[in-house]
Structure formats: structure tokens, C-alpha cells
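Chains as they are written, first to last, in my numbering: chain S, 13 to 292; chain W, 13 to 292; chain X, 13 to 292.
No lab work stands behind these hints, which were simulated from the structure alone. All values reported here derive from a predicted model rather than from experimental measurement. Careful, some of the hints might be misleading.
Unchecked claim - Chain W stretches covered by chain S per the calculated footprint, using a threshold of three residues with CB under 8 Å from any CB of chain S:
#, stretch
1, 20-29
2, 52-59
3, 257-263
Ideal Cβ positions, reconstructed from N, Cα and C, are used throughout, including at glycine.
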Amino acid sequence: MNSTGRADTVFFLSDYGIEDEFVGVVHAVLAAASPGGTIIDLTHQVPAFDVAAGSRALVRASPYLGPGVVLAVVDPGVGSLRRGVCLPVSPPGAGPTYFVGPDNGLLVAAAELVGEAPIARAFALHRRREAGEFGSTFDGRDLFAPAAAALSAGRAPEELGDPIDPASLVRLAGALVEFGTGSDGRPYLRAEVLWVDRFGNIQLAATAVDAQAAELPRSEAITLVGSGVRLRRVGTFDDLAPGELGLIVDANGQVAVVAGQAPAAASLGASAGDIMVLTW
Amino acid sequence: MNSTGRADTVFFLSDYGIEDEFVGVVHAVLAAASPGGTIIDLTHQVPAFDVAAGSRALVRASPYLGPGVVLAVVDPGVGSLRRGVCLPVSPPGAGPTYFVGPDNGLLVAAAELVGEAPIARAFALHRRREAGEFGSTFDGRDLFAPAAAALSAGRAPEELGDPIDPASLVRLAGALVEFGTGSDGRPYLRAEVLWVDRFGNIQLAATAVDAQAAELPRSEAITLVGSGVRLRRVGTFDDLAPGELGLIVDANGQVAVVAGQAPAAASLGASAGDIMVLTW
Amino acid sequence: MNSTGRADTVFFLSDYGIEDEFVGVVHAVLAAASPGGTIIDLTHQVPAFDVAAGSRALVRASPYLGPGVVLAVVDPGVGSLRRGVCLPVSPPGAGPTYFVGPDNGLLVAAAELVGEAPIARAFALHRRREAGEFGSTFDGRDLFAPAAAALSAGRAPEELGDPIDPASLVRLAGALVEFGTGSDGRPYLRAEVLWVDRFGNIQLAATAVDAQAAELPRSEAITLVGSGVRLRRVGTFDDLAPGELGLIVDANGQVAVVAGQAPAAASLGASAGDIMVLTW
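Could you build the full structure based on these sequences and the hints that come with them?
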């Protein structure tokens, strides 16, 4: 929050894409309602309707956000009875103060990472009457942006909605991570692919902490079960020859399957939601 | 217009794409000429040279813009003798005050939606000599952005160009909408596809008002002539089963062919400019 | 530099793409470290790892940038021992004051275009300890953005790194341009394709000055060797019939192969790095 007490930066993530004017119109609504504020686009290329992908992008970004309002819209249920929510958080540092978006699991993980877990307070946003003039198919413009702008201009969540039981918030299932010793006596680490990034790096649900607990070796060759591909565990991309496959701890602290200056996901045909099993 | 009398937000739309640095260079020119202003990108992914698509995106966005200058560049005639124009508008509310871009029909419909129709005043922009140093192929940078920045910094259109007869402005043909009773005695609504959005929703040229005048039924099954596909008219996306095709009034007040959490345009092979005929 | 002595605009170019939240996170880091500054995205769609393409986009954009810091990240060597650098420049006008990014040739040509050539001063950025908490695979977030924000907030490069010998900076090879008389007695101009833009225009490494020195004719037909295609040299796009191929001097002062309202690169199958030979 800045010196005037306003959390006047809005961090905006959606699946609106950039082909259309959706993102621009939301910016215009925010700017008109809260002049002088800053709007930072996190990304708008979340795959259409992919709430889990949006949630994970928020989780990755949240530790780096300053004070402000996170406005996130990935909303297959737009126009339905699903609630719009505001989640106030009290970050120990200077992170975002509010999360605003649909109650479909998009916001919860990031809000609990920034603030406390489980979430202590939540509000169901009031829907303004005039917003329903046309089909209510653009809640980013008509419901969420006005709420985000009001919060960024200093209004309290109590003015924008009714308190609800945080336990009633929709939550996404966690991603699979498990490790141990298989029936063949060999150690394994099994993890869901969380994300394939623009460079083809394959981020797994296993963290650096999981890797340590699983005793994933640092020097030995690791085998990707199924394909039989060997992965060398390295400290950084540069330790890999061009095209060579390896394992690193990535910039989010997750185990990732990568290749030297090449897209590992293309070599391995991997995509988000796949399960990968490592053994050694 | 803000308290200092400056319309210091520039709303920017183009077909420049984002692969290249075109958009960034225009931002830099705007920021250098009008420091402290705000630039809001509406979209830059208008299909290359598609003036009609750009015009429609402006029409959809314009009701939501605050005070400022709309800078729009979709310009197959760049470098030709076509004029660059500034259209001052007097919005009854707090909408944009100027539209700046090529005189090829891109601006007129949005300017008349925000201000009065027909347009009362128009100016042909002066071309600065130094801008022609290299081939005049980047008027967004060399002609339109400097004009938009000057207007946003408070200069009058009279300083930037010569008044022209608004009746001489290039206009686009309107999109087809018609309804009535066919030779088979059945009612029909025939309309051009204005836009297929990122989610595959098919926006028709028919408005909610047209639908009412055509007595498009709310409960009966509606047939898409040609394909024979049945469309259920619903209030919102959520009334459709996943993949089910339907008709809604969308967030711009237009009739749209949509599907539950799926791209209707992919199912129906529809794209902008197609003609769709509904009967019931 | 503005009236407070701060070069508080950051111009940001990368190959991060927009599918992920990379660009948004860098914006957040910049905004948190230098509140109230302006961030202008030049482009983030530089082809992944293509340092030469990024360098050329910077060269094209640099003459139009105002005071500030150019933050550029196209970095196949991220996490390696390659240095991060800050290049202070002293533009005769009001251009950017610092270039920040990897020492892989990305920055040098633009910095020498804006300031003096050869570069007079360079600094190797200190790496902050805490940034290495996770794998150092996101230097845009952890190394370069903090440095750019510090510079934009008024800190001196001496505070951020150690001076290095500018002669030790990595440089890219220049692009091929040559002209003369061939063994068949006919004049020729041979040039590398620098860039194919979104509209399919093919920018060559030859400048308007080269064209004049090579006596590239203005009226005669010019032949593209190999394909035998004829190119008409024209002043502007509008002199070409739709689809007709021609040669212009483009908005960056380079010779370009273009087509009337059509993508020349698609007709000719050209892409960056190809060599084109013209004769007449």
C-alpha cells in the first residue's frame, strides 16, 4: 500500500487473449474508475477456460507482486450463479491486499500463498443492476473490474459484497506428487506436469523440497519411466549441451525437465496434466 | 477530460500485431511527446489490413472508454494519398474527445456512436516534412502518434490540420441484417457475422432490438438454415450443456451464436463476413 | 531524463512471449522497486533465443525512444557464467541513458547507435545472493529488472556493478551487404534478410545509402536472382497493385522487398538470415 493508503496497482490475469479488445476494455474501465492507478498485465493467454492453469500462473507470480489488487478472470461459468468474490489477504510483506475474481478455485491457492492459509475472510460481490443490461457474459468488464477499481481506490470489501464463509470457497484439487520405493525395489518420484512454458520447459508438481525428501540424486543418471530417456540433473541450463535433456530446480523452486537451448516438451511430447515418473 | 483540461489518455488500436516493435515504438513516441499520459492498448491483433474488423472492435470498445484520444491504425493505404484525419467528438458523458487515424472508414462508426451522428467536424492532418525522411510506411509512428500526443497534451485540432467536409469522409458499408417472412411462409432473420471472438462466439449484426422486432422466439427451437443445426435461445452461457449450441444476446447487445464452454465457430465453420439465416 | 533527474522510463524487450506470466512478473518487480515509473514494452515476441533478431529490433526502435533505461533479455545463456551488463550511453538528444541485459551481443549495436561508437563505458552487474535461492534461470526477474529499476530510480551504474573493458563485450557479426559488378558484367546488390515483419515485408541489410552507392535504379526493372522474379522499385506501398512485388526504402531507411497489400515473404518464401541478390 502506498503512502496515501491506496493499494492502487491492479495486477490483471485472464484467459481473454489479445486478439480481441476484451483486455483493453477492462483497462479502460479500471482507468476510468480509478484514475492515476497502475495496471500490470500478468498474462492474458491462459488457455481458454483453464482455471487450473490460471491458478498456477497466479501462484508463480504472486511472490513477486507488490501491494495492490489481483484481478483474475478465467471463468467458464460466466453468467451462471457462481459467485464473484473478493478475498482480502494480509501479506507479511508488501504483497497484494485483495484477490478479485470468480469463485471457481482460481484465486485460492495464490491468496493463501500471499496471506494466511486457510483464508480468513471472503466476500461475495454484489452484482450491480445496470450491468445486466445486456447478457451478463463479460463479468471482467461489468463485475470484477469495477470491484477491483473500487478496492484500489480505497473502498473496503464490506462496501462491495457480503461476507461469506471462507470454507465455502471452491477449491481445486492439488496436483499429484508422490515418491518412494517401487515394487521393483527402485526409488521413484511421480509428479504431474504443472506447466509447459514458452521455452518448452516442463515444470513438475514436485518442489526442491520434495526432490530432497525423495533423495533424487544429484550426480547419477535419472530415467524417465516409459520413454527410457535419461535425464542429467544439473544446476542450470548452461550445464546441458544443446538439445540435451536434464533436470533442474527452476525459478519457482519446482523440479523441471528441460533441454539445453531447446524445448524439452517438444522432444518428449509432454503437456500440462501429464504424469511423469522418474527413477534412478 | 481531467481536472487540468487534458484528455491525457490515449486508447490505441491497430493491426500491428505484437511480433514486432511497432506498438512499442508508437508508445515511445506518445510518451516522449506527452509525458505522464496514460496509454491503453485496446488490441493490436486486428487482422492485417482488415479495416472493417478494426472499426467493429472500436465500436464495441467505445462505450467503455473514458475521456481521451482514440488512436487507431489499420491502414492498407499507408503512404498513399489517403488523408490522415482527426475527428473531434462531444460525448454526452465522459468518453473520448478525439479519434485519430486514416480516412478509410476505420473511425467513423465509433466516433458517431460516442459523439453525434453524422459527424459535425473533421480535420485532415498536416504531414510534417521530416517524417518523410524515409519511406512514409509507418504513419502510426510518424503522423498519427504525434497528432494523438499533441491532442492529449491539450493542443487544438485546428493546430494539427485543415478542416474538411465531414461528408467527404470515407465510410464503410453497413453489415447486413434483415428479417421478415420467407416465401415458405416461415419467419427468418438473416444477418452477417460481425466477429468471431477468441472463445469462438459468433457475433451477428442483429441487435437485441432487431431480435425483438423480428419476434425471434425465446422458447421455441430456432434452426440455422443450411446446416439444419438447432439453436436454443438462452439467457446466458450457463444455460447450455457443454458443447450445446445456442443463441444469446451478448455483452455488446448483439445476437450471438454460442456453445456451452466450447467454440461455436469451430463447430459451424463460421467466420466474419459469413451470412447466417435463422428460421423458426 | 525528467525534471527530477530520473530516467524513469524503462523500455523492455525480450523473447519471453506473452503466453506465460514472465513479462508481468518483470513489470511487477520494476514497479515495486521504482514506483511511479513508466514501463514501455517494445516487444516480447522476439523468436526464442534469437539474439540477432532482438538486437535488430532494438536498433530499429532506439532512435524513437525517449530518456530512460533499455532493459533487454534474449538470453540463451541464462544461468551460465556470461555476464550481465549495464552500458551507459550519452545520447546527443534525449534518448535512453542505459542499456541493461546479457553480455551476448544483444545490446551493443543499439547502444552505439544511441550513444557513441565504440562504447566508452561498461559495467558487469553484481549478482545479488538471494536471487540464487532457486535455480538462476530467470535473470530478467532476479538480476536485470532490479538493476534497471535501480538505474531508473537514479542510482549510478557504479553502485550496481564493476567497470569492465568495453572491448571485452560480446559483439554479433554484422549482416552481409555487398554490391558491384558480377562476372557477367551486370551490376548486383547482395544482402542478408534482416527481418520479416508481421505484414510479410522483407527488410534487407542494405540501406538507402547502399542503394544509392550501388546505383540501384529507380525506374528500370530489377530481378531477384534465383527466382527470376521482377521487382519494381517504388516510393510507397500504394504504387504497387495488390499482390505486385516491389522494392521500397522502408520506415527504418532500409531497402525492403514488399508487395501491394500482401505478404511478400509468403510469395517468396523468405525468412531472416536468407541472402537475396538483386540485379538489373
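Hint by hint, here is what the structure shows:
Beta-carbon proximity to chain S at under 8 Å applies to 3 residues in the stretch 20-29 of chain W; the threshold of 3 is reached and the given coverage holds. Under a criterion of three residues with beta carbons nearer than 8 Å to beta carbons of chain S, the stated coverage of the stretch 52-59 of chain W is upheld, 6 such residues being counted. Counting residues of the stretch 257-263 of chain W whose CB lies closer than 8 Å to any CB of chain S gives 4, so the stated coverage by that chain holds, three being the minimum.
Going down the numbered hints, you'll see the structure goes against none, and every one checks out.
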